[in-house]
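The task is simple: from the sequences and hints, build the whole structure.
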Amino acid sequence: MLAALIITILLMMMMMATSAALASDAVVLRGQARALLVWKDSLDNQSQHALRSWGNTSAPCNWRGITCGTSVHWHRWRPLITGIALRGMQLGGTLESLNFSALRTLARLDLSSNQLVGHIPCEMGHMKHLVALELSSNNLSSKIPSSIGGLTKLTSLYLYGNQLYGQIPRELGYLLNLEDLQLGTNTLSGSIPRNLRNLTKLTVLSLWGNKLSGLIPQELDYLGNLQYLDLSENILSGSIPNSLGNLTKLTTLYLFQNQLSGHIPRELGYLENLEEVALRDNTLTGSIPNSISNLTKLTDLNLFSNQLSGHIPRELGHLEKLQYLELENNTLTGSIPNSIGNLTKLTDLHLENNQLSGDIPRELGYLVNLDYLYLSYNTDRFHPRRPRQSHETPLLVP
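In case it helps, mature numbering (1 follows the signal peptide of the UniProt record, and there is no 0) puts the sequence shown at residues -20 to -1, 1 to 378.
Don't read these hints as lab results, they were simulated from the structure.
Simulated restraints on C-beta separations:
id	residue 1	residue 2	range
1	VAL348	ASN205	36 to 46 Å
2	ASN175	GLU255	25 to 35 Å
3	GLU255	THR311	22 to 32 Å
4	ASN253	THR313	29 to 39 Å
5	ASN253	VAL348	19 to 29 Å
6	GLY49	LYS301	36 to 46 Å
7	ALA65	LYS277	27 to 37 Å
8	GLN239	CYS41	47 to 57 Å
9	THR359	GLU300	22 to 32 Å
10	VAL348	GLN198	38 to 48 Å
11	LYS277	ALA39	49 to 59 Å
12	ALA65	ASN318	53 to 63 Å
13	ARG177	GLY314	37 to 47 Å
In this text, all values refer to a predicted model and were calculated from it rather than measured experimentally.
Where a beta carbon is used, it is the ideal one built from N, C-alpha and C, also for glycine.
Written out as structure tokens, the structure is:
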């Protein structure tokens, strides 16, 4: 009898605890709903229409753009708000009225492609369960708060396409689970933090279209999983680090429109997964390294508007997947190698404004997919005559 009584008491205690937990969760959920309604009321009229389903505080899981879920990590039995996805809804207003402390259970926040203005609140750092933070393509204007470095579960951080300024906070180097970091098209300044090397899970690093200065950190070679690196359209200076040759998973390398100088490192030839290389609009000197011939997956090689010299390597003929070869506006000399005729997938070949000489090789007639061929503004020893091939594509020599 005593044992049965003890079991009955324990069961009653468990039921009471569960009931209390459910009641507590209901209170939390209503608090989250109220926090969202306060924010909604601060937005413009267009936003009120877009969020017209937001109203009943007891059922926010049915609101547009709201996702709810449970998690043993929160010790919750009843669904709470885990996701807000309001991309492209023309929401206008600020984030200042949004109580992030009430939204600690959020795993995803997507407010991208709206018309939000003002600053990114430091209070975002309260959302410790956040995995994805997407605020891109708005009109936000502030520094990136260092508190974001406390969101250590983040795998993706999209802040591109705003008016953010100041330096990239070094605290972003604490986001050890980050896989995708995109801060492009803002007005961020200063140098690229060296401790970004800690983000060893990163596959995408996009910082293009800012005002970043200084050197490209040698330490980027720690990012062994990186597949996409875009540092273009900044004011980066110095040479391209040889250490980038260690990023063997890279498929895309964009460093164009900076103030980079020195030679193209031969180590880039180790990046055998590269499909696109764009180094244009810098002040790179020296010759095109023969090691580029190892990049047999390359479809786009863009080196124009530098100060490259020497001959066009005949080894470029190994790049049989190449569609765009742009070497114009350099000081390349010698003749066009016959091996270019192997590049039968080429659609664009730009060699104008160099110091090339000799005849146009008849092998160019094999380039049956060629749409554009530019050979103008070379030396007076360059002879742009039509190759003697009966099956050739018409060649444009402006």
